[in-house]
Structure formats: C-alpha cells, structure tokens
Amino acid sequence: MTGNEAIAEGAIQAGCKFYAGYPITPQNELIAYMARRLPEAGGIFIQAEAEVSAINMVFGAAAAGAAAMTSSSSPGISLKQEGISYIAGAELPAVIVNVMRGGPGLGNIWPAQSDYFQATRSGGHGDYHSIVLAPASVQESYDIMRLAFYLAEKYRIPVIILSDGMLGQMMEPVQFSSLSVHQSARKKTWVLTGCRGRRPNIVKSFYMQQGDLEKFNLLLQKKYGVIQQKEERCESLYLDEAEIILVAYGTMARIAKGTMVQLRAKGKKIGFIRPITLWPFPYNIFKKLNVSRKQLKILVIEMSYGQMLDDVKLSVNGKFPVEFLGRSGGGIPSEKEINDKIKSML
Amino acid sequence: MKKIYSRPASLRDISTHYCAGCGHGIVHRLIAEVVDELGIRERIIAVAPVGCAVIAYDYWDFDCSEAAHGRALAVATGIKRVRPENIVFTYQGDGDLAAIGTNETIHAANRGENLTVIFINNAVYGMTGGQMAPTTLAGQKTATTPKGRDVLREGWPLKISEMLAGLPGVKYLERTALYSPQEVIKTKRAITQAFKNQMDNVGFSLVEILSPCPTYWYMAPREALDWIRDVLVKEFPLGKIK
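Residue numbers (numbering that gives the first Met the number 0), protein chains in the order written: chain F, 0 to 345; chain X, 0 to 241.
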C-alpha cells in the first residue's frame with residue numbers, strides 16, 4: 000500500500016472513530032481510503048467544505064469523546080492552524096497528518112520538509128506545542144498511528160504526523176500489527192456527553208479573568224515539560240566511532256541512511272541520527288556525544304533550507320561543528336550530493 | 000401560595016455581564032426554559048460563539064463547548080455525528096454566523112445536519128465595539144461605517160435565513176423578535192419547535208431572533224425595542240420562512 004493508505008489504515012486500527020478532511024494533493028489517497036474504510040470500521044467520515052471546517056469538526060468530535068483525526072498537505076495545514084491552537088488550548092486529543100509539499104504559497108505538489116518550523120513551533124497563535132512524529136517508511140507510517148493516538152489521549156494534546164509527498168505516494172509492503180490497541184486507563188471525565196448524573200462539563204480555551212490564563216498556561220508548560228522528559232524518540236547508529244554523524248528525518252533519513260551504509264562499506268566512519276519525535280526534539284542523544292572527540296562533525300540534511308538545523312545546533316550547543324545540506328521546492332538532496340558534501344568535510 | 004414563576008433549573012443564579020437592555024439575557028433564559036420543559040437538560044450540548052455571548056456557558060447549567068469565531072456549526076457537526084442521541088445546538092451572532100462563519104453555516108445546513116441554531120441578529124458587532132455586521136442596515140452608523148452603511152461600497156444587509164431557505168437540507172426557519180412580550184412568547188414557541196425538530200430527527204432548524212443592542216445602536220433600551228418594531232423588521236420581516 001502507499002504511505003498515505005498506511006497512515007489511514009494505521010489510524011483505523013489504532014481506534015480512530017472520526018475523520019474529517021478536504022482533498023489536497025499529495026494526500027488524496029488518505030481521504031479516499033478513509034471514505035471507504037472508516038465507516039466499515041464503525042467510524043464517521045465527513046468530507047468537509049473547507050480545511051478550516053475539517054479541523055473544527057475534529058475539535059467537536061474530540062470534545063464529544065471520539066478518537067478524531069484530519070489530514071492535509073502544507074497549504075491546507077496552514078489553514079488548520081487556528082483550529083490546532085484551539086485544540087491545544089482546550090486540551091483535546093486530536094491527530095493531524097501533514098503530507099508535506101513544496102512552499103511557500105501554493106508552491107508545488109512535490110515532496111518537501113519545509114513545514115518543520117510550523118509543526119514544531121506552535122504554528123498557530125499562543126504558547127503551545129503539538130507532539131510531532133516523523134515516520135520514515137510506509138511500515139512506520141502505519142505503526143506510528145498507534146503511538147499518535149496514544150500520546151494524543153495520554154496528554155490531551157494535538158499530535159502532528161509529518162509525512163511528505165514522497166513517503167505518502169510510495170508503495171511498500173506493510174505488516175499489520177496483531178497487538179491490541181492500547182486503551183487509556185484514565186476515564187475521560189471531561190467529555191461532553193450531556194450532564195446526566197454529574198456537574199456540567201465545559202470545553203473551552205477562554206480565560207477572561209485576570210491571572211486565570213497565566214495560571215492555565217503554566218499548567219500547559221508543566222505538561223510540555225513532562226512530555227520533553229519522557230517522550231523523546233530517535234533512531235541512532237554507530238555514534239561511538241563516527242567521525243561524521245548524519246542527521247535527517249522522514250524521507251531524507253532514508254536517503255541519508257543509504258549513503259551511510261555505502262560509505263561504511265568503504266571503511267568511512269559515518270554515524271546516523273534520525274529523530275522520530277521532532278517535538279519533543281531528541282536533545283539528549285546529542286548531549287550524550289563525547290565532547291573529547293575533536294574529530295566529530297555533524298551534517299544535517301533536510302528537504303528544506305535548514306529548519307531542523309536550528310534544533311540540532313541548540314542540542315550540540317557549539318561542542319561540534321554542524322554543517323548543512325538542503326534543497327527544497329521539489330529538489331531532494333541525492334546520495335551523490337550527500338557524498339560530495341561528506342568528502343568536503345573529511 | 001403556589002409558586003408559578005421561578006428561575007429555570009438550566010439557568011445559573013449569577014449576575015449578568017450584558018449591557019442594560021441587551022437581548023442575550025432574554026434568549027438565554029428562553030433556551031433554559033425550553034430545555035427544562037422538554038426535559039432535555041441532561042442530553043443537551045451547547046456550542047457557544049465568539050462575540051458578546053462567548054461566556055454563554057457561564058449562564059447555562061448544562062454541557063457546553065466553545066468554538067472559534069464562525070466555527071460553531073463545524074464543531075456542532077463533530078459533536079452531533081459522534082453523539083446522535085444528544086441534542087446539540089449552536090448560539091451565534093450575526094458576525095459569527097453570517098460573516099466569518101458563512102461557509103460553515105451554509106454547508107452544515109446543506110448537509111441537513113440534525114442541529115438547532117439560535118441566531119441572534121442585532122445588526123451590529125457588540126463585543127468588539129459596534130462595527131458593521133453583515134446584517135447592518137443601509138445607512139446605519141457603526142464604528143466602521145461612520146457615515147452610515149453605503150450599500151454601493153459595503154453591500155446590502157445579508158438575509159442569510161432567506162438564502163438558506165432554498166436548501167433541501169433545511170427543514171425549519173423562522174424569524175422572530177424581542178420587541179414586546181408577545182414577540183418574546185412567539186420566540187419561545189419557535190425555539191421549542193427548533194429543539195423538537197431535532198428530537199424527532201427532522202433536520203436542520205434555525206431561529207433568527209431580532210435582538211436589541213441599545214449600546215451600539217446608541218439608544219435607550221425602550222427606544223431600541225421600538226427601533227426593531229418600526230425599522231429592523233422592515234428589512235428582516237418576521238414569521239416562518241420555511
């Protein structure tokens with residue numbers, strides 16, 4: 000199946016019961032798959048009249064207690080930012096899939112990774128974060144949906160999946176999981192069900208009285224601190240012996256990893272870090288790198304002009320040189336370009 | 000002695016933040032009375048707007064959600080589809096429903112969502128300081144039409160209820176007003192009908208209520224009621240539209 004279909008099937012098997020979306024390339028297989036499969040699986044599918052409506056339908060469905068999701072691609076995700084901010088402010092669980100394409104503006108429909116800042120730095124207004132997950136294969140696109148719904152519910156937070164046009168369109172075999180879906184032990188006492196036998200519930204992000212919003216924001220910050228402590232995830236290879244560590248995520252990580260394997264076969268000491276959570280960014284894997292290794296250099300590779308680069312620099316904090324290779328707007332750094340860049344660094 | 004009039008159970012005993020002569024308090028109470036009378040307090044879920052009634056949930060004693068400005072009917076669609084056994088309504092002003100949320104309004108109506116909409120038309124933006132609304136009358140002075148609304152520049156008052164009447168998914172549309180006790184009683188009757196329709200799975204029902212905003216009409220409360228009767232109803236005629 001395609002990466003887009005794997006995300007849809009992964010979501011359904013993870014317990015997604017509500018999907019609202021709007022067609023946009025290159026994620027159209029996802030909405031079509033949901034239209035076909037979600038009702039069969041006992042869920043609700045709505046083709047919304049607009050991206051803005053889709054994310055607000057997700058807000059309503061989440062407030063009513065459903066595991067809810069929407070998907071789009073870059074320009075559509077920009078339109079959803081208001082809704083994501085409200086979801087963060089109302090502390091609702093929701094999953095938002097961004098199959099990234101080229102920008103700015105209408106850009107083009109080719110794969111890109113230029114929405115990293117938007118996803119990891121709030122995107123909408125206000126001091127909030129979404130958890131951001133980046134799969135790098137069709138199998139992982141399927142697998143990561145369980146994690147996405149689990150984290151969304153555990154922390155009552157928007158979870159963004161950053162895929163891209165390459166990963167979304169690519170076909171690979173997928174092994175379905177036989178594990179049962181995690182059921183949250185916590186009872187959702189905040190859900191709108193009608194106030195039978197209890198005090199009324201209110202789902203809101205509005206705090207009019209002076210001081211109330213600051214108190215609420217401090218609670219959010221505390222939650223984000225816990226997530227940063229507990230939820231960093233990454234894949235890493237050959238860090239102890241590496242002279243150059245390649246850092247990439249998603250589609251770019253696959254190409255970088257392929258290059259690494261070839262160069263290692265030739266005896267070059269190349270290591271590899273692939274962040275899986277982009278927020279919280281896996282700072283700790285960089286902190287653990289041995290400072291006494293004067294030889295070590297880091298190469299960040301992205302389908303953007305250097306967005307994750309900022310997080311790597313913050314993590315490394317000047318201890319090692321950090322270099323960058325990136326293209327965006329349809330261009331993808333090739334193995335040859337990566338090889339040439341590495342040669343210039345050795 | 001027999002008690003014949005009291006605060007509805009669905010209305011909390013707190014002081015109002017609305018201006019003197021505002022219609023929101025009347026409609027909040029009417030909704031609470033209807034919810035009590037239909038026995039649906041434990042089934043109802045309200046969606047509050049952005050605008051003067053943003054904290055409507057502080058007055059009603061039942062489950063409520065907020066919605067971003069204009070998005071109430073998208074949020075309500077999500078809630079109702081997940082919980083068809085609940086009774087879901089939106090409470091929206093003219094800016095929310097007929098300007099920034101026009102898209103959500105038309106498409107929720109066109110899908111025939113089994114929802115109830117209480118639409119407060121007071122021909123002005125109240126919360127933000129009396130700017131032009133889509134329903135502001137020709138010539139009406141507001142903060143953003145200081146010389147009066149010029150229809151050739153700012154367009155005509157938008158009759159969204161009449162626009163919605165052509166959609167097959169819309170089952171009930173009525174325009175009422177609050178300018179006299181008789182009209183308030185008619186408004187309550189219309190609200191009751193709109194909720195009953197949802198309970199009977201009839202489909203999309205909307206009650207448009209012409210409501211006074213003395214503050215931004217720059218009138219005394221009594222004058223504001225007379226202005227609805229003498230002027231506003233000429234642009235927005237009362238009665239059942241569909």
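Hint data in this document are derived by calculation from the structure and do not stem from the laboratory. C-beta atoms are modelled at their ideal positions from N, C-alpha and C, and glycine is treated no differently. A few of these clues could be false.
[Unchecked claim] Taking lysine to any residue pairs in the SDA-like style, the calculated list, with each CA pair at most 25 Å apart, reads:
1) F:LYS203 x X:MET162
2) F:LYS203 x X:LYS170
3) F:LYS16 x X:GLU84
4) F:LYS203 x X:VAL183
5) X:LYS170 x X:ASP149
6) F:LYS203 x X:ALA98
7) F:LYS203 x X:SER14
8) F:LYS203 x X:LYS241
9) F:LYS203 x X:ASP57
10) X:LYS195 x F:ASN200
11) X:LYS241 x X:ASN102
[Said to hold, decoys possible] Not everything, but these chain F residues come out facing chain X in the computed CB check (under 7 Å):
12) GLU48
13) ALA49
14) MET56
15) PHE58
16) ALA63
17) ALA65
18) PRO74
19) LEU78
20) TYR85
21) LEU191
22) GLY193
23) LYS203
24) TYR206
25) TYR237
26) ASP239
[As the list claims (entries may be wrong)] These stretches of chain X come out as covered by chain F in the derived footprint (C-beta under 8 Å, 3 or more residues):
27) 50-60
28) 102-110
29) 157-163
30) 177-188
Hints, one by one, checked against the model:
1. A threshold of 25 Å between alpha carbons decides the hint, and for LYS203 of chain F with MET162 of chain X the separation of about 31 Å lies outside it, so the pair is violated.
2. At most 25 Å may separate the alpha-carbon atoms for a hinted pair to count; LYS203 of chain F and LYS170 of chain X exceed this at roughly 30 Å.
3. Proposed proximity of LYS16 of chain F and GLU84 of chain X is supported: the alpha carbons are some 17 Å apart, at most 25 Å.
4. A C-alpha spacing of about 30 Å is found between LYS203 of chain F and VAL183 of chain X, which places the hinted pair above 25 Å, so the restraint is violated.
5. Only pairs whose Cα atoms come within 25 Å are accepted, and LYS170 of chain X paired with ASP149 of chain X is rejected, the gap being roughly 34 Å.
6. Distance check on the hinted pair: LYS203 of chain F and ALA98 of chain X sit about 22 Å apart at the alpha-carbon level, within 25 Å; holds.
7. Between LYS203 of chain F and SER14 of chain X the alpha-carbon distance is near 21 Å, which keeps this suggested pair within the 25 Å criterion.
8. With a C-alpha separation of about 34 Å, the suggested pair LYS203 of chain F and LYS241 of chain X falls outside the 25 Å cut-off, and the hint is violated.
9. This hinted pair checks out: LYS203 of chain F and ASP57 of chain X have alpha carbons roughly 11 Å apart, not beyond 25 Å.
10. With a C-alpha separation of about 23 Å, the suggested pairing of LYS195 of chain X with ASN200 of chain F holds against the 25 Å cut-off.
11. Annotation: proposed proximity of LYS241 of chain X to ASN102 of chain X holds, straight-line Cα distance about 21 Å (limit 25 Å).
12. At a threshold of 7 Å, the smallest CB-CB gap from GLU48 of chain F to chain X is about 4 Å, leaving the interface hint in force.
13. Proximity of ALA49 of chain F to chain X holds as hinted, the smallest CB-CB distance being about 6 Å (cut-off 7 Å).
14. The interface hint given for MET56 of chain F holds, since its Cβ lies 4 Å from the closest Cβ of chain X, which is under the 7 Å cut-off.
15. For PHE58 of chain F, the interface hint holds, since its Cβ comes within 7 Å of a Cβ in chain X; the closest pair sits about 5 Å apart.
16. Residue-level restraint check for ALA63 of chain F holds (minimum Cβ-Cβ distance to chain X is 4 Å; threshold 7 Å).
17. Contact between ALA65 of chain F and chain X, as hinted, is supported at the beta carbon level, the nearest pair being about 4 Å apart and thus within 7 Å.
18. With its C-beta approaching chain X no nearer than about 17 Å, PRO74 of chain F sits outside the 7 Å limit, and its interface hint is violated.
19. A hinted interface residue such as LEU78 of chain F counts as satisfied when its beta carbon comes closer than 7 Å to some beta carbon of chain X; here the least separation is about 12 Å, so the hint is violated.
20. For TYR85 of chain F, the interface hint holds, since its Cβ comes within 7 Å of a Cβ in chain X; the closest pair sits about 5 Å apart.
21. The closest approach between the C-beta of LEU191 of chain F and any C-beta of chain X is roughly 5 Å, which is under the 7 Å cut-off, so the hint is satisfied.
22. Contact between GLY193 of chain F and chain X, as hinted, is supported at the beta carbon level, the nearest pair being about 4 Å apart and thus within 7 Å.
23. Checking LYS203 of chain F against chain X: minimum C-beta separation of about 4 Å stays under 7 Å; hint holds.
24. Taken as an interface hint, TYR206 of chain F does not check out: its beta carbon lies about 11 Å from the nearest beta carbon of chain X, beyond 7 Å.
25. The criterion of a C-beta within 7 Å of any C-beta in chain X is not met by TYR237 of chain F, whose closest approach is roughly 47 Å, and the hint is violated.
26. A least Cβ separation of about 50 Å between ASP239 of chain F and chain X goes past the 7 Å threshold, and the interface hint is therefore violated.
27. Restraint check on the segment 50-60 of chain X versus chain F: 5 residues with Cβ-Cβ distances below 8 Å, three needed, restraint holds.
28. Under the rule that three or more residues need a Cβ within less than 8 Å of chain F, the assignment of the segment 102-110 of chain X holds, with 4 such residues.
29. For the segment 157-163 of chain X, the stated coverage by chain F is violated: 0 residues have a C-beta nearer than 8 Å to a C-beta of that chain, whereas at least 3 were required.
30. For the segment 177-188 of chain X, the stated coverage by chain F is not satisfied: 0 residues place a CB nearer than 8 Å to a CB of that chain, which falls below the threshold of 3.
Checked against the numbered hints above, the structure violates hints 1, 2, 4, 5, 8, 18, 19, 24, 25, 26, 29 and 30; every other hint is satisfied.
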